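Colleague: Sequence:
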Amino acid sequence: GLIMLIEIKNLKKLFGKTTVLKDISMTINEGEVVSIIGSSGSGKSTLLRCINLLEHYQAGDILFEDHNILKYPGGLNAYRTHVGMIFQSFNLFNNLSVLDNCVIGQVKVLKKSKAEAIETSSMPRYQPFPVVRNNVSRSQEPYVWNLK
Numbered sequence: 001g002l003i004m005l006i007e008i009k010n011l012k013k014l015f016g017k018t019t020v021l022k023d024i025s026m027t028i029n030e031g032e033v034v035s036i037i038g039s040s041g042s043g044k045s046t047l048l049r050c051i052n053l054l055e056h057y058q059a060g061d062i063l064f065e066d067h068n069i070l071k072y073p074g075g076l077n078a079y080r081t082h083v084g085m086i087f088q089s090f091n092l093f094n095n096l097s098v099l100d101n102c103v104i105g106q107v108k109v110l111k112k113s114k115a116e117a118i119e120t121s122s123m124p125r126y127q128p129f130p131v132v133r134n135n136v137s138r139s140q141e142p143y144v145w146n147l148k
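Following my numbering, the numbering of the sequence shown begins with 1 at its first residue and continues without gaps.
Bear in mind the hints are in silico, worked out from the structure with no lab data behind them.
Taking lysine-lysine and the PhoX-like style, the derived pairs with C-alpha atoms no more than 25 Å apart in a straight line are:
| no. | residue 1 | residue 2 |
| --- | --- | --- |
| 1 | K71 | K112 |
| 2 | K71 | K108 |
| 3 | K12 | K44 |
| 4 | K22 | K12 |
| 5 | K9 | K44 |
| 6 | K111 | K71 |
| 7 | K44 | K17 |
| 8 | K44 | K22 |
| 9 | K22 | K9 |
| 10 | K71 | K44 |
| 11 | K12 | K71 |
| 12 | K71 | K22 |
| 13 | K71 | K9 |
Just the calculated beta-carbon pair ranges, DEER-fashion:
| no. | residue 1 | residue 2 | range |
| --- | --- | --- | --- |
| 14 | T120 | K12 | 33 to 41 Å |
| 15 | S97 | N10 | 41 to 49 Å |
| 16 | D66 | N94 | 35 to 43 Å |
| 17 | E119 | T18 | 40 to 48 Å |
All values reported here derive from a predicted model rather than from experimental measurement.
We put the CB at the ideal spot given by N, CA and C, even for glycine.
Sequences and hints are given; from them, build the entire structure.
Modeller: Pasting the structure below:
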């Protein structure tokens with residue numbers, strides 16, 4: 001059967017007195033590819049930011065693997081090892097290699113060693129090379145973020 005990864009129940013998000021998300025409910029099952037489509041200002045990014053806990057919401061529940069994300073076992077850092085967000089501006093560190101860009105979050109936030117971060121990432125092992133404009137193009141930046 002289908003394995004539900006994310007379930008959103010009656011999500012409500014306000015900015016001041018303005019309701020941005022009203023009674024949003026959806027499920028995302030393992031293996032599904034989901035597109036969130038809407039006009040500018042319709043709440044697409046806000047919904048994704050709520051799922052990643054980059055925004056707080058006023059009502060409703062978001063479950064990941066049947067756990068409420070606000071009470072996820074191991075806390076926010078444990079949750080974020082499973083769920084991430086790729087931003088339009090990638091802000092890669094030009095003074096770091098691609099490999100270092102991919103593991104810096106785990107090293108700085110989760111306090112893992114670089115070796116442990118590499119081992120637990122989905123990143124293939126290859127020789128690190130600098131993130132300079134002639135090595136990583138703007139079109140390649142999303143791939144570096146995906147490796148993280």
